[in-house]
Amino acid sequence: MSIPFIDAIRGYLQGDGAVILPEMELTLFGLAVLLIGYPLDESVENNWFWKLLFKNFYAKAALAGTLFSGFTLWKLRGAVAASARGYLPGFHESVVVDSFFPFFATLFLAATALVILLSVKYLDIEEEQEGEYYALLLFACVGMMFMASGVDLIVMFLGLETMALSFYVLTGFLRREKRSNEASLKYVLLGAFSSGILAYGFSLIYGLSGTTNIRNISAVFNPRIGLARAIELSRQSGVMGSQMRQVLSAEYPAALHLEPSLLHQMPVLAAAAFVLIAVGLFFKVAAVPFHQWAPDVYEGAPTPVTTYVSVASKTASFALLLRLFLTVFAASQETWVYLIAGVAVASLTWGNLAALTQTNVKRLLAYSSIAHVGYILLGLVAWNETAFTGIAFYLLAYVFMTAGAFAVIIVLRQKGLIGEELEDLNGLYQRSPASALLLLIFMLSLAGIPPTAGFMGKYFIFLSLIETKHPVLAVFAVLYIVPALYYYFRIVVHAWLKAPGEAPRPVMSSAQAVALGVAVFVSLAAGLYPEPFTRLAHYAFGP
Amino acid sequence: MLPIGHYLFLSLALFIIGAIGVITRRNVIVVLMSIELILNAVNINLVAFSRLYGDVAGQVFALFIIADAAAEAAVGLGIIIAFFRNRETVLADEMDLLKW
Amino acid sequence: MLDKVIFYFFSGIAVGGAVLTVTRRNAVHSAIFLITSLLATAGIFLQLRAEFLFIVQIILYVGGIMVLFVFVIMLVNLDVAVRQIQFARQKWVALVIALALAAQVGLMLWSSAKMPGQGLPVLAAAPANQLPLNSEEVAKSLFDSYLLPFEIASVLLLVAMIGAVVMAKKRT
Amino acid sequence: MEFFAHHILTVVLFTPLAGALLLLFIPREMETAHRIAGNVFGVLGFLVSLPLIRWFNLNWGGFAFEESAEWIPSIGAKYHLGIDGISLLLVLLTTLLGMIAILSSWSAIHQRTKEYYILLLLLQTGMIGVFVSLDFFLFYVFWEVMLVPMYFLIGVWGSDRRLYAAIKFFLYTLAGSVVMLLAILALYFYAPVPAGHTRTFDVPTLLAAAQHFSDPLKVWLFWGFFFAFAIKVPMFPFHTWLPDAHTEAPTAGSVILAGVLLKMGTYGFIRFSLPLLPTDAAMRARIIHIVVILSIIGIVYGALVCLMQKDMKRLIAYSSVSHLGFCTLGIFALTPNGLAGSVLQQVNHGISTGALFLIVGVLYERRHTRMISDFGGLATPMPNFAAIYLIISLSSLGMPLLNGFIGEFTILQGAFQVSKAWAAWGTLGVVLGAAYLLWLYQRVMFGPVTHAINEKLPDLNLREYATLVPLVILAFWIGIYPKPFFAYLDKPVQKIVEQVNPRFYEAEHAKLPPAELHAAMPRTK
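Protein chains in written order, with this note's numbering: chain A, 1 to 543; chain B, 544 to 643; chain C, 644 to 815; chain D, 816 to 1340.
For the record, the hints were derived by calculation from the structure and aren't laboratory data.
Quick caveat, the model's predicted, so the values are computed rather than measured.
The reader is advised that the hints may include incorrect statements.
Said to hold, decoys possible - Chain D side only, calculated, beta carbon under 8 Å to chain A, not exhaustive:
no., residue
1, A833
2, L836
3, Y955
4, V993
5, L1000
6, F1004
7, V1008
Note that CB positions come from ideal geometry on N, CA and C, so glycine has one too.
Could you put together the complete structure from these sequences and hints?
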């Protein structure tokens, strides 16, 4: 039996639709969370069966969405491996599913799932249990996934904005909390400003190349790969951008010799575009000197959202940054490497030094995450295979160890106790030995002490710096482990070595326990037996 | 069509004015307006290049930028209202619970 | 020649409006000047033969977004805002940096304008005989090449809608 | 049994860890059960290390009991264990002192006993791991892993300024080890990779490859490793963490710190730093000069500072600086005598200083003070204690017939072969050592009882005998009949000297007729 409508959908899902299926599923689940919740509200109240099924329905549905999407992603990964070209393009090559996308998408989904697990109890305590919250979590994840899979400037920008807008709202979700209001206001102002800067950079790139597809852009920007790309393009039909068509139809050799020297030295406009894009993305990843929003937003946002912002938004922005830098700006790496190195060292320095004096744990972790950005950027300075593996591994480790650290703070949040100040941690060991032990493991991992995931991430970065003959940067980077350990151990000292005050015993919900379990498993497993994780990270940048 | 430089200078001027507005103004609503100016500058660039190359992508991009500007304005103003309800101020300097 | 006159007319209004937007004390005045600036930009779009964007700019930006702004300005307490000093403390530093940046980028543009092909690494401009773009072509490409961004934009607007509702609704 | 024989190092390494895991499951309230389990695994850890002595082949020049398994193939890190004579002695010292340290804590620790024993056992695994790893990656992991339990031992069970001392210890050691990490990575990267092989962290392979590095690179690598080891030893300008950590740590912690942890630095010097010395004579001489001068400053300065201490633990801590100065002096003399003496002196220091800390612990448990002025005339109420303390003091200061003498004498002999001045300064250190140790003994033990409370102090109990007597026996054994100990060092030392100072043997050959060559070799022959 053949119904035209169904056939059309099936055809879509086997063609272009297949490439964005994980995102579509997430969106559908997000819509479901938004729409289904309301009519059930009243019937749930009185019936125990409905209560069991629909208690925390939003969270359960959202979690199911991430699992579904993750499963689809897994199958997609198989399809990528089987494909002839090693990647699956869709929508006139405005998205691709290559090895880069599944790695990052998995991280986003994992982060989203962790945040959902951590949110349930937190929102109960805040009395803000609402479907919109979970829907926004899922939509943010959709945006992030497009940031990783998009190879078209428009797709990337829209993905980024979808994520950013969700985060602005989530940050201010506790509307009666003045700190939450303030954080979201600061976030939206600086975030929108940085998006504007980024968009300006994008417009210049478009102007330089006459196309929004970054593979075509990089063909224009990088003359050496231009020829190969031109030949490849000429074999396809329906190439986007009349300019490219014009190039390829008759005169691509002419296109290639047009101002090759200009291209080689990164023309002024390209330099301007690069600087603007870099600044915009530095804002998003919170690299010094564009980091001012981070501590405020981290402190003011509800802690699960803080986790999400620090873990997922940073990873997604790095995915975007890597995609652009590895294609469009690849040839001019020697030119901009100094800029990146400067920003990296500044981030390391300022992040580590400012963290030393913080008394609020969330703020402290905000500064420490700025320092982590410094390490990841150093990977871009090194720019070799080890470095890329290192960046991917570092991000992976960062997601789980940071989520774990925040998760412990979330566990501390009880009725009547905020639990964000260092003093609130006092005697955590007596109150809840398990949380204290977990906190210790996450702190060791964040500091980069073996055998934890954090150490392996740093290992790759340091090795790549040595391989590419940057000994001074390497020494800088390793020595910053020492102050980092000092401030991470301030947290440990409060949790382990200080006498407990009046504070109650924190009670861990089962959802929180699951989240913590996953986070600690990855933080330890990726340090004790890093082999599978190393392969995973290696795979992210192509076989 | 005029040389592309004309349009680039115009857009640069708007961009810089917008950036100055974001940095110097304390009234958050005006800051949000300055951001609209920046996005407007982006659009001028995109449309001018689109005309230069006879390529439609620039105009489409500009369309999405406008959509994004609308979305940002809606969310931003919503947040300002929520903030105002709690604090009765729209001045950036009075956001002082968190260290600025 | 006429092109030039039109361009300078509109860009003069656009820049002037922009300057007044960021310098007026009264937020309502700022909003009005922003509308002026955006309208002038719409004129420039028209000159660039982007008729569709011209209309969108007027309807959506000027008609929609700006009304939103004015509403919010009315909602929040303006009197307080007017009486306060309007510039942040770091304004001079910021101004100097911004102007330096402007000078630098301007210089870059200036020097690239002198280069062959105006410093653009792509090919020469579109041939003069090519038909200017029209709304039809924009629409076609919106639903063909740029179908995916269109779909993502719908998610984006949904997020914005939820966000505005969540933020603005009163606590029950 | 077969499994045990083939995997003896793994068993030795993980027995304490197994104990720690087991302890996790004992409920928090059952303090006696924690003590028993801790001690059982301490003794067990020692017992399983004993077969090493018997099965070790003295004539085999390479690494014994080797085990190798894939760990992280993509980066070439392996689980590779093995020991030679040098590490054998240090492993045995570790298991012995670990057992004694655990036993000594029976009545000293009253809070959080469960965690205490878990941490001690974890520390034990970390320390053994450092001595048995033949893979740089594994080595580094153990090197750092060990810091965390030590941090907590000082931080939780230490005395008043424990937080400060703990973090100071951690940060100092970490600062050195991260630089070492870079050096390891550089070594890993610059070592040539044969076609068809992946890179490797294998210690023998990398050190062999390092022989062919250019001299400037070797110098960089040498200093990279040097900081980690110098901080750990600790050598003179890097020693400031040591008095704090030793003083604030609980007795068992001090015993382990002084007895084993410091040896990691000297072990690192012997195993990793010496092969990295540049071949160019001038460069090498400059490096050795710097290191030896730092050692001599350490010897004399440590001893002088000891004379001014009011706190017994602090005094003993500074004496470690002085004694370890001898060890580094011996190593960098690059003569067979110097090296063999240095390793033996490391063992001796573990025995004597470990025992000294136990002795202070005995007093501290009775009086809860470590100030010298709070004691005096203790020989009257505690005669047996006085006797043991005297023996240990004499052993530490290098009295003939006791272990310290053999070590120091061999080192000085080795140094003398290179430079008379070095030996002279070393001798000054010996003299000063006698001064501060005997003066301390006099102030604490002799004369009338100065404080009424001290008159009724009980003498040693059975458990305290059990901790001290083995050390006393060992002190006599090494002092009277050191040959079996030197026998373990003979081959590895010869191998190292042949590698790093080939001209030494040539010169000896030239000087002596073949018949007498035998006699000129270290006293082990």
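Going through the hints against the structure:
1. A833: violated (16 Å)
2. L836: With a minimum Cβ separation of about 14 Å from chain A (threshold 8 Å), the hint on L836(D) is violated.
3. Y955: Status holds, d = 7 Å.
4. V993: For V993(D), the interface hint holds, since the closest Cβ of chain A sits about 4 Å away, which is under 8 Å.
5. L1000: Result: holds, 5 Å to nearest chain A Cβ.
6. F1004: With Cβ-Cβ at 5 Å, under 8 Å, it holds.
7. V1008: Violated. Min distance 12 Å.
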